[in-house]
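Chemist: So the chains spell out like this:
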Amino acid sequence: MILEKITVKNWRVYREPHTFRFKQGINLLVGRNEAGKSTLFEALTRALFDRHNSKAEEIRAVQPIASTLGPEVGVQFIASGIRYKAVKRFLQNAKSELYTERKGGWELGHDGDQSDARLREILNGDTTSRTVARSEHRGLAQALWYLQSDGAIPEKTWNEGVRQGLQGLVHIAARASQEAEIVDLLEHAFAEHCTPTGRIASDSELGRLEDEIPTLEESLSSLREKARAVERYRADLEESRNNEAQKESELEQAGKELETSSQLVKAAEQLEREKENMGRTIADAQDRAQRLHQELVRIKDRQKKIAEWRTQLPGLEQSLFDAMADANQEDAASERHAKYWKDELEPALREVEDSLTVLETTSKMRRLQKDRDRLDKHVERVADLRTQLQSRTDERNALLTPTTKERNRFNKISEELGILDAKVVAGAVRVAFDWEGKARKITTKPLAKTTGEGEFIVAEPTEFVIRGLGRVRIRSGAEILKDLLEQRTEYQGEISETLAHFGVHDSNGLAGIYEKGRDLDRFITGLREKLDEAIDEEPDGDTDLIRVKREIEDCKRAADQFPSEVTTKNDAWIRDEIASKEGRKKSLIKEIEKTQLLERKARERQMEFVRAHEAASNVLSEKRAQIQTFEEGTAEMLQSYGTLNRLQSLEDEANGQSEKAKAAMDDFLKDYHARVDTPLKLHAQTQERMNDLQGQIGILRENLAGTLARIEESAAQSNYSQLADLEIQLTRKAQRREVLQLRANGAKLLHDLVTAYDKERFSALSGPIENLVNRWLQLLTEGTYDALRIDDVLKPAGVRVAGYNADMPMTSLSHGTHEQVVVLLRLAIGVLVSGTERSLVVIDDRLVNADSVRMKRLGLILKEAEHACQLVVATCNDTPYAGIGAHVIRVPSDGVDVEASA
Amino acid sequence: MQVKFLHSADWQMGLKALQAGEKAKEIRSERYETASMVVNLAKREHVDFVLLAGDLFENHDVDESVVRKTVAVLNSFAPIPVFVLPGNHDPVIAGSVWDRRSWRQVGDNVTLLVEAVEMTIKDGVVIYPSPLHQKQSTMDPTEWIPSRAKKDTRIRIGVAHGSLDLLPEKTNFPIDSDRASKAGLDYLALGDWHGFMQNGKAVYSGTMEQTSFNEKDTGNAVIICIAKGGDDPVISKQRVGKFEWSEYRPLIRDVTDVDRLRSEIGAHHALTNQLIRVAPAFSPDFS
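From first to last, the protein sequence lines stand for chains A and B. Quick note on the working numbering: the first sequence kicks off at 1 and runs consecutively. Quick note on the working numbering: the second sequence kicks off at 1001 and runs consecutively.
These aren't lab readings, by the way, just hints derived from the structure by calculation. Since the structure is predicted, the reported quantities are computational estimates derived from the model, not experimental observations. Careful: at least some of the hints might be erroneous.
As the list claims (entries may be wrong) - Cross-link-like lysine to aspartate or glutamate pairs, in silico, EDC-like; alpha carbons within 16 Å at most:
no.: 1; chain 1: A; residue 1: Lys733; chain 2: B; residue 2: Asp1152
no.: 2; chain 1: A; residue 1: Lys275; chain 2: A; residue 2: Asp560
no.: 3; chain 1: B; residue 1: Lys1023; chain 2: A; residue 2: Glu727
no.: 4; chain 1: A; residue 1: Lys266; chain 2: A; residue 2: Asp725
no.: 5; chain 1: B; residue 1: Lys1025; chain 2: A; residue 2: Glu727
no.: 6; chain 1: A; residue 1: Lys364; chain 2: A; residue 2: Asp560
no.: 7; chain 1: B; residue 1: Lys1023; chain 2: A; residue 2: Asp677
no.: 8; chain 1: A; residue 1: Lys681; chain 2: A; residue 2: Glu231
no.: 9; chain 1: B; residue 1: Lys1135; chain 2: A; residue 2: Glu231
no.: 10; chain 1: B; residue 1: Lys1025; chain 2: A; residue 2: Asp677
no.: 11; chain 1: A; residue 1: Lys733; chain 2: A; residue 2: Asp211
no.: 12; chain 1: B; residue 1: Lys1182; chain 2: B; residue 2: Asp1217
no.: 13; chain 1: B; residue 1: Lys1135; chain 2: A; residue 2: Glu238
Extracted from the complex, chain A is given alone in its bound form:
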């Protein structure tokens, strides 16, 4: 594609129509920052790739501020040898028109959506409908145009347009649609079985079978092991049965032996019985001798015991007698003590207590009498005080007196009245008459006061009657005193009312009755206090008096029986007598207690002696009974033998018999072993062997039963049918696995083939690009980096550092170098895809970070590229590009080479 002309109008800074013309070689678009260089590229891409009726935010942003006119762009270009003119207006009155040059004139080929679609078709752009086109939708331009809004390289891969452009370059035919379908099928088959790395996928049917089969095999082998175990049980069983048969035959043999030995055993048993009889004879004789000996010893022991006990009897009898005597003695002593305190001490005590009662009652009555006198007086005084209080209170209640408040009010008003009067006098008209020395009787009506100087004080309309002369009336002049006068009249009224109420004539009278009331109040208060004091002295005076009277009566009744001499004695005597009798009483009580203690102790001792007597008596009785029992028993024991000597001789005889029997036994035992022990032992051994064999057979049978039970148990688990089912299942799965394995192998083989083919194709594509870029890279960096690494989707992956012969990732390059490498890659693609027609390569201000040396070398590279491509390079500074012979296009502000179009 070759760009010839762009016209913009109402487009951001370009409010007015502006046209920019481009040449085939290097075009340098020069302008200050924000002059509108990138805006121009934006207009170019929107004209070629965006839908004219889009209302996207990005399109709206294009409209100049405050403008309502639709942004408009026209682009003239050559593609595949045909010259086109595309005109688009967005937003208001949106339109899209595509003109084709025919015979020197423009012919409208398409308009509207068709025009948009056709443009994208011409430029291999993305045909899917969308609001705004991004770099990846611009066909080959994605690789060739490096605009400010674009990333350095696409994130994933170049778009289809770029890929097709590149394929065209190396003349490898694009995949036919059928080929793509087959490859898809192959990949699908591959993915069905394998992971992307070619291993069997675990979630594929084959993968699942690979998992399942070993599990099945394991289950099967476990079941087979069980079956083998059953086989082993059978082998054990066989062996056990053979053993059993062997043992049975041994048992039979032993049975026969036992039968033979049984005859010998019978004879031996007869001899054994004889031996037993002899043994019994010996034992009997020994028993008898022993028994007689024991009897003899026992009788002798008893006789010895009886003799011993008899010597103890006199001592026991004496202690019995002593105890009785002691008890009697203590009994007499205790009786004596009892008699003393009962007959002597207690009567004396009663007498003293009687005397004390007489004395104390007398003393008490006298004390009560005194209390009564005191209480009588007290009651009388209280009654008197109450009477007084009542009479004074009545008096006070009858007397009408002003309260302190009322008195104070009266005094205050009186005082105010005085002040009012003074004010009235001061404010009143003063009238004086001078009759030139003559005296005239003058009366006033109402009465007017006069001053010392003979002036009348006229406070109100007053009529003067001057005797002999006539009347003078003064009617006014007192208006100003009206309020004062009214107030005075009011006060005067109140004073008169108060005085009348209390029945007095003046303030002195009022003060008099006030004071009198106060005096009475004080007096009453004093009386009350006295009464309270008196009551406090004897709070229960009345009840006390009643009680005292009653007690006096009680005492009087008792005193009637007293000897008269006591009542006549004085108080001191009575007091002394009471003290003396109390002392006597105390000593008597002490004496009684002492005597009672002595009595009690004597009684205790007596009881002890009585108990001792009882105990001694018991011992004696017991002893006597024992002696009697023993004597009787001994006699009885001897009865069957006659005498003790006879018993002795019997014992000797029994001992002799025992010795004789033992000698006979020794004789008998001489060939006993051979005749009895040996056959018995043999018999027992045989018997034992049989028992042992039977035991062994029993164990074998138990084992047999156990083994059989295990076999039964195994059968009960249905292992056999499970085994069969598993074998069937495993066979089927193994067959299926085989089929799938074959399919997977085939799919993998084909997949590998496709991969190898793709790799081959990629090398064919990337080779020429790498060659060109590598040469330029060496030139640019003076050989620091000598190669660009391109990945399988033709994206730069890194550069080779020549000095180290090692690769470095793109991300490690400086920003400037990175930009330059990307520009080189795009230039190389541009150069290589240019066939019969130049390709348009756009570089929007991407080389600003290049130093002057590199800039110079970049200039050489651009010159080289110019032969194959049309280059449009935007920059704010054209100095570094001097000398490369670029066609300079200045943006409007620079005012050169831009023509305004109508």
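Since chain A is already given, all that's left is putting chain B on it; use the hints.
Modeler: Below, chain B alone, put in the same frame as chain A:
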């Protein structure tokens, strides 16, 4: 002194039926039904007794339920006496299927032939059982059967399990093909060969229900009538089996071969009771 009895063999209860694949379970359970058919036949024919000539069970390890159900079938023959001969699949050994508790539930009409001794079945009828005590042997189990004595007019019947020496590649428990005539037997009831086969008076009844694809003339029981000692037996083969097993190994060159195979299978069989295995070979130029 006429006698009429039923001869069957190789029931192989508890059979794994591996060849039947997913149908194995069905095949296994169906054998009880077929066994019942044998019972019905015996009753219908009013036979005097039944001889089962070996391999009643597939293996000593068969499931407990297999023994239980088989015992139930045998008990259902009552009152007809049944004589069961242990074969090479179920020989008399320690811990064998015959030692099972469930086997002991057999009724009084069932007799397990564990000893090689002459046995009188009824007046004038004796049998000579040749039970096996191991799984494999090159010894003829019928060797012991005594020759007919002079003046012996009893009906003498041999029961044995093994391969008549005229069978191909069968060397386990070989049986002399002249045994019947050598021992003067009126009938030699044999088991082991799964198809019906007669060699003079020696007869294989075959299994009552087929067990694999490579067997022929299976699914029968045999009813035998013998008028008196020395007479030829009257043998009648009766169908009791349910399934037919067939295998196809066609060469497939194109779709027409497939259609042909389909119509061939459809024409020859009603597809119930059929077990069909198709193992096609594909031509290299198959399309």
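Chemist: Decide, hint by hint, whether the structure agrees.
Modeler: These are the hints, each one checked on the structure:
no. : hint                      : result
1   : Lys733(A) <-> Asp1152(B)  : violated, 61 Å
2   : Lys275(A) <-> Asp560(A)   : violated, 121 Å
3   : Lys1023(B) <-> Glu727(A)  : holds, 13 Å
4   : Lys266(A) <-> Asp725(A)   : violated, 69 Å
5   : Lys1025(B) <-> Glu727(A)  : holds, 13 Å
6   : Lys364(A) <-> Asp560(A)   : holds, 15 Å
7   : Lys1023(B) <-> Asp677(A)  : violated, 78 Å
8   : Lys681(A) <-> Glu231(A)   : violated, 45 Å
9   : Lys1135(B) <-> Glu231(A)  : holds, 13 Å
10  : Lys1025(B) <-> Asp677(A)  : violated, 73 Å
11  : Lys733(A) <-> Asp211(A)   : holds, 11 Å
12  : Lys1182(B) <-> Asp1217(B) : violated, 28 Å
13  : Lys1135(B) <-> Glu238(A)  : holds, 15 Å
In this structure, the hints that do not hold are numbers 1, 2, 4, 7, 8, 10 and 12, in rising order.
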